[in-house]
Amino acid sequence: MLARIITFIFILHFVIGCGIIPSTSSFNTPVASVQTISIHDAWVRNSPIGDNSAAYMTITNSGEEDTLVTVTGDFATIFELHTASKNNGMTDMHPAEGGVPIPAQRTQMLKPGGYHVMIMGLSKNLIKGQTVQLTLTFAHAGAVIVPVEIR
Amino acid sequence: MNIVRKQFVVMVCLLLCVFLNSCGSYQFKNSQFTPPDPAYDFELIDQNNQPFQLRSQRGKVVMIFFGYTNCPDVCPATLSDMQILRNRLGTLQDKVTMLFITVDPERDTVTRLKQFVDRFDSHIVALTGDVTALANVYKAYGAGAQRQELPESALKYAMDHTSTLTVIDKQGQRRLLIGFGSDLTETQNDILALIKE
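Protein sequence lines correspond, in order, to chains A and B. Using this note's numbering, the first residue of the first sequence is number 13, and each one after it goes up by one. Using this note's numbering, the first residue of the second sequence is number 12, and each one after it goes up by one.
Bear in mind the hints are in silico, worked out from the structure with no lab data behind them. We put the CB at the ideal spot given by N, CA and C, even for glycine. Any given hint could turn out to be false.
[As the list claims (entries may be wrong)] Have a look at the derived ranges for each label pair, beta carbon to beta carbon:
| no. | chain 1 | residue 1 | chain 2 | residue 2 | range |
| --- | --- | --- | --- | --- | --- |
| 1 | B | Gln126 | A | Arg163 | 16 to 22 Å |
| 2 | A | Glu77 | B | Ser133 | 43 to 49 Å |
| 3 | A | Thr119 | B | Gln159 | 27 to 33 Å |
| 4 | A | Asn99 | B | Asp194 | 20 to 26 Å |
[To be verified] Derived coverage of chain A by chain B (criterion: at least 3 residues anywhere in the stretch with Cβ under 8 Å from a Cβ of chain B; other residues may be distant):
| no. | stretch |
| --- | --- |
| 5 | 89-97 |
| 6 | 122-131 |
With the hints as constraints, model all of the structure from the sequences given.
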């Protein structure tokens, strides 16, 4: 009985002290893969026709070092790999020279405020819940078509 | 003392510990201005072409973010967070004013600003103004807006700018700085604490 009470208090303390418990996303199955590269959680931000957007994903490499060299698609005029870096609270965005490095046996995240696919001049409305396709080309693994969820 | 009574006493003591622990003075999770300093007052033009004065927001918590509508990554991500935060505030939404001040007045017309914030939450106030007024605001809030030429990129130029949100309390004092990508729940708790002050 006492043990139960202590357990209850412990949990209560945790819940009160930490506010809402952060959600943990399960490591889902890849949306695409090519050779030793697999792509998870690929998404693009919803945005209207003519505007800009950005795409993000998690790239896991179980093999040798590789580089994501280009990204293309048919729903906008320009797709560029960019990086954003922070210096003293300042954000500075510029093209990722030479592409995005995909280190051997590692996971590389493309995420807001970091490496991302900058998409300019949308030729269609990107509507939440729909899916578009991007073609990723890696220096060694080659090209792969990735379904990308619009969020 | 019988066992049941002993257990009861232990439980009460432990509950008291929990209560005292959680209800002490609130500790802000984001960086604080110590001491808080008066927020620079400004008058700019909102997305409906109406004048907007910071002073008119006294009594509300104000969050200020600097950005530009062509910004494909950090700005939409931040506005999306602002939209989520507003939704989470529920009935307390009206106690908070969220400002998006352009660092790219050349491209960000009033119409363009309106289209942009409407994608997220039309209650976010998008602001522009004359170059001098904006420059004073950038300086006062350390927005550090700087044009960066990108001849290699289709974007032509990007605006380097602070990705930090400034939070002003109900008395018009600068209180918090929220870094890009900060935990939204922690920010929500910080904002709630400022509303309750």
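Hints and how they fare:
no.	hint	result
1	B:Gln126 with A:Arg163: 16 to 22 Å	holds (19 Å)
2	A:Glu77 with B:Ser133: 43 to 49 Å	holds (47 Å)
3	A:Thr119 with B:Gln159: 27 to 33 Å	holds (29 Å)
4	A:Asn99 with B:Asp194: 20 to 26 Å	holds (22 Å)
5	89-97	holds (count 5)
6	122-131	holds (count 5)
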